[in-house]
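Colleague: Residue numbers (UniProt numbering), protein chains in the order written: chain A, 1 to 386; chain B, 1 to 386; chain C, 1 to 386; chain D, 1 to 386.
It is worth saying that the hints were derived from the structure and are not from the lab.
Computed list of lysine-lysine pairs in BS3-like fashion (alpha-carbon distance at most 30 Å, straight line): (1) B/Lys-248 x C/Lys-84; (2) B/Lys-201 x C/Lys-201; (3) A/Lys-248 x D/Lys-84; (4) A/Lys-343 x D/Lys-294; (5) A/Lys-101 x A/Lys-16; (6) A/Lys-203 x D/Lys-294; (7) C/Lys-201 x B/Lys-203; (8) C/Lys-201 x B/Lys-294; (9) D/Lys-58 x A/Lys-232; (10) D/Lys-123 x D/Lys-16; (11) A/Lys-203 x D/Lys-201; (12) C/Lys-248 x B/Lys-332; (13) C/Lys-203 x B/Lys-203; (14) B/Lys-232 x C/Lys-343; (15) C/Lys-137 x C/Lys-16; (16) B/Lys-343 x B/Lys-123; (17) C/Lys-101 x D/Lys-163; (18) C/Lys-343 x C/Lys-123; (19) A/Lys-332 x A/Lys-58; (20) B/Lys-248 x C/Lys-343.
Some chain B residues near chain C, calculated using beta-carbon distances under 10 Å: (21) Val-183; (22) His-237; (23) Gln-292; (24) Met-345.
Remember, it's a predicted structure, so these values are computed and weren't measured experimentally.
Cβ coordinates follow ideal geometry from the N, Cα and C atoms, glycine included.
Number of protein chains: 4
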Amino acid sequence: MILTDTLLDFFLETRKHSEALCEPLEIEDYVVQPVVDVSPPKWHLGHTTWFFEEFILKPYSQDYQLFDEDFSFVFNSYYETVGKRVVRADRGNLSRPSVQKVYEYRKYVTEHISRLFTEKSSKELNELLEIGIHHEKQHQELLLTDIKYILGNNPLLPVYSTKVEEHVTENGLPEWISMDGGVYEIGHDSEEFCYDNELGKHKVYLEPYEISNSLVTNAEFQEFIEDGGYQKFELWHAEGWDWVNEQKISAPLYWHRINEEWHHFTLGGLQSIVPNTPLTHISYFEAFAFAQWKGCRLPTEFEWEAAQRSFSWGERWEWTESAYLPYPGYLKAEGALGEYNGKFMVSQKVLRGGSIATPNNHTRATYRNFFHPQLRWQYTGLRLAR
Amino acid sequence: MILTDTLLDFFLETRKHSEALCEPLEIEDYVVQPVVDVSPPKWHLGHTTWFFEEFILKPYSQDYQLFDEDFSFVFNSYYETVGKRVVRADRGNLSRPSVQKVYEYRKYVTEHISRLFTEKSSKELNELLEIGIHHEKQHQELLLTDIKYILGNNPLLPVYSTKVEEHVTENGLPEWISMDGGVYEIGHDSEEFCYDNELGKHKVYLEPYEISNSLVTNAEFQEFIEDGGYQKFELWHAEGWDWVNEQKISAPLYWHRINEEWHHFTLGGLQSIVPNTPLTHISYFEAFAFAQWKGCRLPTEFEWEAAQRSFSWGERWEWTESAYLPYPGYLKAEGALGEYNGKFMVSQKVLRGGSIATPNNHTRATYRNFFHPQLRWQYTGLRLAR
Amino acid sequence: MILTDTLLDFFLETRKHSEALCEPLEIEDYVVQPVVDVSPPKWHLGHTTWFFEEFILKPYSQDYQLFDEDFSFVFNSYYETVGKRVVRADRGNLSRPSVQKVYEYRKYVTEHISRLFTEKSSKELNELLEIGIHHEKQHQELLLTDIKYILGNNPLLPVYSTKVEEHVTENGLPEWISMDGGVYEIGHDSEEFCYDNELGKHKVYLEPYEISNSLVTNAEFQEFIEDGGYQKFELWHAEGWDWVNEQKISAPLYWHRINEEWHHFTLGGLQSIVPNTPLTHISYFEAFAFAQWKGCRLPTEFEWEAAQRSFSWGERWEWTESAYLPYPGYLKAEGALGEYNGKFMVSQKVLRGGSIATPNNHTRATYRNFFHPQLRWQYTGLRLAR
Amino acid sequence: MILTDTLLDFFLETRKHSEALCEPLEIEDYVVQPVVDVSPPKWHLGHTTWFFEEFILKPYSQDYQLFDEDFSFVFNSYYETVGKRVVRADRGNLSRPSVQKVYEYRKYVTEHISRLFTEKSSKELNELLEIGIHHEKQHQELLLTDIKYILGNNPLLPVYSTKVEEHVTENGLPEWISMDGGVYEIGHDSEEFCYDNELGKHKVYLEPYEISNSLVTNAEFQEFIEDGGYQKFELWHAEGWDWVNEQKISAPLYWHRINEEWHHFTLGGLQSIVPNTPLTHISYFEAFAFAQWKGCRLPTEFEWEAAQRSFSWGERWEWTESAYLPYPGYLKAEGALGEYNGKFMVSQKVLRGGSIATPNNHTRATYRNFFHPQLRWQYTGLRLAR
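Input sequences plus hints: build the corresponding full structure.
Modeller: Written out as structure tokens, the structure is:
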């Protein structure tokens with residue numbers, strides 16, 4: 001358990017960081033929702049604030065006055081326990097509250113939280129604050145990927161910032177790491193924060209396997225495209241094949257073919273593909289088809305976790321073959337926070353690692369990210385196994 | 001034909017009025033599109049500007065530099081002749097160009113038009129300018145009704161302006177006006193501006209009929225509701241009945257039942273219904289069902305036009321029984337402007353009159369407005385006939 | 001009013017004819033519903049029978065035992081007055097009642113009707129029987145066009161009967177018939193049976209016009225196709241253009257391009273197009289676009305009726321420009337039969353004439369057929385006006 | 001490997017059994033497809049026949065004449081390798097080939113297979129025949145559940161056969177079986193036939209667990225309903241909760257509330273629920289919610305397989321918590337048969353056991369059945385673990 005003072009610093013720093021991420025935006029960028037999975041930036045700013053108000057200030061701060069009674073309706077995401085809410089697809093239809101009002105809301109709640117934690121604190125309160133901070137950090141990654149989608153979907157392709165670098169390292173030659181068969185321990189058990197879905201530590205038997213020390217690159221994926229990978233149904237799941245055909249998919253998200261050359265939209269604007277850097281913005285379906293084409297497969301999340309000390313990771317979320325399911329002995333938290341993870345444990349795939357959009361200290365070797373198999377607006381990539 | 005100077009004044013005044021209408025808005029209000037029929041205000045501001053650029057400056061102003069090459073793609077509405085365009089349902093997904101940029105665009109085009117018409121003029125140019133002005137006036141009405149929808153759809157129900165009055169007159173007792181059977185002349189033939197769909201003057205035979213001197217009121221419609229009008233299928237068209245049930249319609253648009261009392265959202269915010277003022281925001285289906293319930297019917301557009309000198313009109317667009325069809329001898333204009341009216345002449349109903357949202361001088365006794373029968377975000381109302 | 005004896009003969013003959021139409025079918029053909037507009041043949045056989053049971057036997061025949069209580073639920077089409085019913089799109093999902101059971105049902109009801117009318121008769125009963133007979137005749141046309149769709153939609157393209165001839169006459173050279181402007185009388189007023197939508201006789205003023213003495217032929221429409229008519233948006237209504245693109249329409253229904261030659265599916269199987277015979281199976285949208293391409297237009301239903309003595313008609317239902325609307329003084333019948341026509345008077349276009357699928361004596365100069373503008377599985381065609 | 005003679009007997013017997021299952025049907029029952037997941041019985045009869053023709057007769061039987069060239073188009077299910085096919089949702093729109101023709105097709109192919117295997121045989125051919133037989137057995141179960149759906153969806157609720165008993169045993173008191181933690185061997189390795197998805201034998205580490213010796217009963221599920229289980233969102237996955245609300249689910253499939261008593265449709269017609277017999281026709285979502293309500297969970301497929309000798313199974317397919325994923329070392333077969341299983345390994349849940357509709361000898365302890373989590377027209381049930 002972190003001490004209250006440190007925690008409060010952590011809280012204030014996190015609050016500030018969310019706003020820093022929005023600094024390059026025009027007010028208009030805060031409002032739109034071009035597809036249902038992408039939320040308006042102002043919604044993220046409001047929702048993360050509402051979380052603190054709803055789960056800490058309302059129950060624990062005596063005489064606390066709600067900033068605005070209607071905000072619960074507007075900024076609740078999916079907590080059925082807490083009451084009615086604007087349906088997800090309608091978030092982009094709300095011009096009010098204005099961006100300025102949302103910033104005032106943030107300020108108000110941040111101050112009240114600071115005051116509350118200066119005055120009193122307890123293990124229970126600290127734990128709630130900690131989960132609220134991590135919740136906001138989770139939304140920081142979505143904030144950045146949603147901003148990218150909002151700009152990348154615009155025919156004018158506006159630049160977010162020329163200072164952001166989406167790929168950091170050039171890959172060297174990929175090498176296979178050999179892993180022995182046997183029982184491995186999986187899951188979280190340190191004192192540090194983790195989500196309920198990473199608990200508890202348990203044994204998994206793995207057959208011997210090999211896993212690549214590097215992520216698949218743009219150059220490798222370009223070969224897949226040129227070899228007609230998107231036209232070969234035998235490489236795809238039946239649902240993946242339907243997705244490719246219905247959505248007319250022929251390249252990763254944000255790739256544009258201009259004058260016979262592949263470009264991609266980045267937060268720094270439209271740029272040429274850099275061949276030897278890690279591929280990103282692919283769906284699980286594409287990751288799977290690519291692996292099939294290579295005669296390999298994706299690692300399971302257990303293989304990934306067991307091997308992760310042997311390679312570096314963190315530029316791309318890595319699709320695994322594993323479905324998002326509870327660990328043995330998984331227990332839902334009581335009350336509304338019990339809705340945090342468990343209710344999504346069907347029809348999704350696990351991603352491991354982290355990405356250049358992940359806030360500092362907001363991932364770890366046991367972290368289990370999850371998305372539906374067709375989604376690709378996160379910084380997703382893949383690592384081969386066999 | 002209006003002289004160039006007067007026309008230019010008319011142009012400048014119209015341009016200014018569009019912006020005045022947006023004056024009470026927050027920037028966020030300019031961006032959203034809560035349903036496909038409603039366009040973001042900034043889109044209206046840009047589109048009406050693009051119209052002048054595309055049809056006047058581009059072809060007639062030598063050395064004219066486009067303000068931004070991509071704007072044609074963004075602000076074209078449906079002119080297939082002119083090239084590709086953002087699909088209608090995606091207008092609310094574009095955060096850029098920003099509102100400020102759109103205002104710069106307006107300034108730029110307004111100035112170039114002024115310069116052009118100061119330097120040269122011709123009957124052809126004047127006619128194009130005139131249609132551009134009327135086009136913008138048409139969008140001014142949509143601008144206001146779209147703003148109302150954007151605010152009225154928001155759970156916070158923000159006020160647009162407390163100075164706007166949506167109903168002007170209290171109704172007196174309704175009286176029937178008797179009209180003789182016989183041949184009437186219908187359509188436009190004066191020198192004043194009109195749209196191609198109002199031309200040309202032609203004869204129509206009308207059987208004897210009676211038409212009410214006043215619009216149906218909120219009080220009358222409340223009786224219909226209380227008598228179960230929305231639950232009696234025998235009053236409805238089959239398509240209307242499906243619409244009522246699928247959309248769960250039980251009152252006019254913007255009506256809210258609060259503490260057993262009917263309120264409605266207005267540009268001035270949520271207010272109590274005023275019983276003896278004209279009903280508004282109903283679909284053709286509702287207008288028809290109400291008339292059935294009264295043992296009456298709606299007038300045809302010809303009956304309306306033949307009788308219109310005998311009653312006052314102009315607070316509500318009045319649904320007629322007539323389908324929107326070409327008059328005898330209707331001729332489409334050449335080129336892109338030929339797309340203005342003719343291509344919508346199927347599946348829509350004619351509305352006659354005008355509304356409190358209609359700009360000054362932008363309607364007349366021969367004006368033919370048209371919408372699909374289920375739409376109700378315009379200031380629509382009804383007058384009975386029998 | 002027809003005398004009871006003659007009427008009973010008419011009834012028996014009509015009942016027999018419906019069954020004769022189904023004689024070439026396999027049992028499987030009676031069951032399927034490939035699109036929502038097409039009903040399974042056994043449904044037509046049952047529904048026309050239910051009509052006599054529901055509106056005559058149940059209320060007027062003492063001690064009448066329903067053949068099967070559940071049949072009302074299965075065979076009601078849209079009479080809300082009469083109770084719940086299987087939704088239209090589910091008709092093809094019902095394997096029971098079996099075809100044999102439906103024939104037993106027909107026999108049972110036919111016998112009871114015969115007995116009832118042998119024993120007693122009245123003006124009221126005779127009128128109900130007459131409308132029931134005409135109702136069944138109306139369904140005979142649908143029966144044939146639905147059978148054609150069921151077979152023509154099957155990849156095996158089975159033959160219905162080699163004895164059916166879908167086009168009767170070769171066209172001569174088309175000539176324009178000139179019609180004077182003036183007041184014409186429109187509508188039905190003889191003693192013969194007609195539907196409520198044809199009543200009453202009323203005056204219409206027509207501007208002078210010309211109308212072709214012949215139907216547009218396959219050869220003419222082929223020219224339209226070869227000239228790229230389906231790719232020229234300026235010929236189409238906006239809704240028509242969307243329809244063409246969404247449904248990927250590039251030829252009339254049932255046309256197949258085989259070895260560079262146009263063929264079409266007929267009740268006699270796949271055949272070559274015969275150039276100088278009347279075009280059929282086109283939508284209103286296609287009829288309109290063709291007329292635009294010719295520099296002509298479609299006649300209104302009034303122009304058609306006023307001129308119809310001057311040309312021969314009856315092989316194709318002719319799309320008119322008129323929307324399906326009530327005549328002045330239109331009165332809905334009381335009770336469930338009031339649902340027969342009036343509730344469809346929105347969003348549909350009027351067709352005049354008749355087709356090779358129309359039963360004997362089941363059309364007349366005042367007959368108003370109506371369909372939505374995109375439908376084309378009826379034997380629809382067009383005649384030009386200007 | 002089974003000797004050819006025995007295999008041929010097995011083949012003939014299997015072919016006969018499919019037809020015996022259809023014996024109680026009316027011809028009409030063979031044709032319809034009330035929902036996309038349910039195929040018309042004649043399609044199953046044709047498709048299983050086409051499988052033998054396509055994969056055995058065509059490549060291996062010299063001078064073999066196809067029964068009908070078009071049947072490949074009609075009866076292919078999803079083998080992209082093999083060519084185009086009628087889309088799944090259109091199977092119920094085909095009245096031809098007729099049922100009689102399909103039986104002729106069956107006879108023709110059965111005879112040619114018999115002749116071929118009498119004349120020559122080889123390991124390769126025997127393996128193909130074996131997989132063809134098991135393929136047909138798989139379809140026999142679907143045939144029965146599809147027939148049940150076709151009849152149970154009909155408002156007349158026709159009886160299939162009064163001789164079928166859908167529940168065999170009354171449950172005793174449920175008891176928990178304790179299983180030790182440790183490494184277990186999972187998967188198929190005997191000489192007997194199995195599908196590729198059951199191969200190969202591999203180790204899995206299981207934490208200690210308990211599993212019930214009996215299936216959940218109707219009585220237990222009735223308690224869940226009465227306790228408001230369908231209204232408590234906290235018991236459901238987010239996707240399950242959406243499903244319940246959108247589909248308005250409030251009881252298992254085929255359950256009808258009549259005079260305050262629960263009945264269910266069975267192959268023997270409508271019957272009262274028998275409380276102490278195993279629940280069936282529930283989705284994974286319902287199975288999961290029920291387990292949550294009990295404070296338990298579903299077993300994984302590995303827990304099930306490890307424990308299965310300790311309880312009896314086979315009346316209901318048992319939903320497990322496991323996603324359908326490849327076993328370590330899974331290899332797709334070459335060619336079209338490689339499409340058999342692997343391409344479905346995403347978004348589905350594994351079911352273990354077997355059901356009263358499973359043909360003799362067509363399941364085993366390692367058998368992995370799989371369906372999407374919302375489906376419930378199979379004889380699905382559940383067993384608790386903790």
